[in-house]
Amino acid sequence: MKIIKTTLLAMSVAALSQTAMAAKTGATLSTVDPEADRIALQEYMKDRFPDTPVSEYVNGIYAVDAASRAQWEEIEEFPPYELDLEEGEELFNEQFANGKSLADCFDNGGEGIRQNYPMWNDERKTVVTLEMAINECRLQNGEKPYGWKKGPIAKVSAYMAYTSRGNEFVIDIPNDDAKAAYLDGKKFFYTKRGQLNLSCADCHLTGTNRLVRADRPSPALGHSTHFPVVRSKWGNIGTIHRRYEGCHRDSRSEFLKVQSETYRNLEYFQTYMSNGLVVNGPGSRK
Amino acid sequence: MKKIATIAAVAALTASSLTMAQSFQEAFDMNRAMYGAGATFEWNGKSYNTSYIEEELASKPANQANAQALFDAAKAKLAEVREAGFAWRDNVKYLKQAKEALEAGEYQKSMDLAARSHLQSRVGLEQAETAKNEWILAVPPLN
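Protein chains in written order, with the numbering used here: chain A, 1 to 286; chain B, 1 to 143.
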């Protein structure tokens, strides 16, 4: 009997040790801690790139790859988004048929507010991105919405980001519903999917600045601070959801619609990770 | 002292047996990698073969009934993996091509394409199952 008891006790110890090795927190609504996640991500990047100050991550891959940075600084002497900014300002100030304009839909006339988006809308129980708010404003005033990925939507968003440059991101997660959306975005970011079995984190956390063919993936920290961007590959300006779609497709997944709830939750998670960093959009990228 | 030593020994044995016991999937994957499709292997005293279920379905006689059945199975599996959010990019393309081949009376071609689609859905569902517990392991811990 004593031997049986001892054996059972030993098996329990063994089982417990197996569980303890796999135990992690932050996967459920009761354990997820956005602020702990944000600090942990910063610590991870500090550990990987000790010479890069956290404030530099607004510059994406150019924060950690000196060779790419030199080329980028030359490009930025004549920023490829300058004309987009001018057009974005004109579109922003354009009067709707009813005499109103985009400025009427936003706090502070729509200037200097980029750092608050995406934001949680508790009445609708959903995340509202800046691009979504722009198009909803147009619809509410009897205008046709813009296309979601490029063109006018990206130009207006770029102008609004430009008026917010230097403002620190202050994404708020006010309650458990908002936290659930954050958790959904976090889960999407870290989940492997598609034929290549890749998560966002595989490229933009562990894969940061490591060659993927000829490219070096940017760090996840600071991802959403500089959008919209003019990408050399696109040859024009586009939104962060356009990039999400491309990344998702590149993992050989069936990609989602831009501005889908999942992508909005992903943007909510990613932008919360950038809290404390400044808005520096629009940007230019490879 | 003797009791502690017994606990440690059994715990070590149990822990090592937990990690060393080969699951069916591990045995299948190992034999599949070594011998390819159509080979046989032993696991827990029984004999199994290394073919995927899709390879067996696609090797049935190429006729309209079998092609239609495999197409229907692949279509249902795609709906399942889409619901889980783990569908692969080219899956729907293979299914469309399978349908075109089926309508053109090219039954073997249709069965091969539907089998490929079915395989992608099945593995996508396995990914979804794995992700449930493993995604959190990729999150950097707060030290």
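No lab work stands behind these hints: they were computed from the structure.
Errors might be hidden in some of the hints.
Said to hold, decoys possible - Reference excerpt, derived from the structure (chain A facing chain B, CB under 10 Å, subset only): (1) Thr-25; (2) Ala-36; (3) Gln-71; (4) Ile-75; (5) Glu-77; (6) Asn-98; (7) Asn-108; (8) Gly-109; (9) Tyr-162; (10) Arg-165; (11) Gly-166; (12) Gly-194; (13) Gln-195; (14) Asn-209; (15) Arg-243; (16) Arg-249.
Even glycine gets a Cβ: it sits at the ideal position worked out from N, Cα and C.
Broken hints, numbered, in rising order? Hints 3, 4, 5, 6, 7, 8, 9, 10, 11, 14 and 15 not satisfied by this model.
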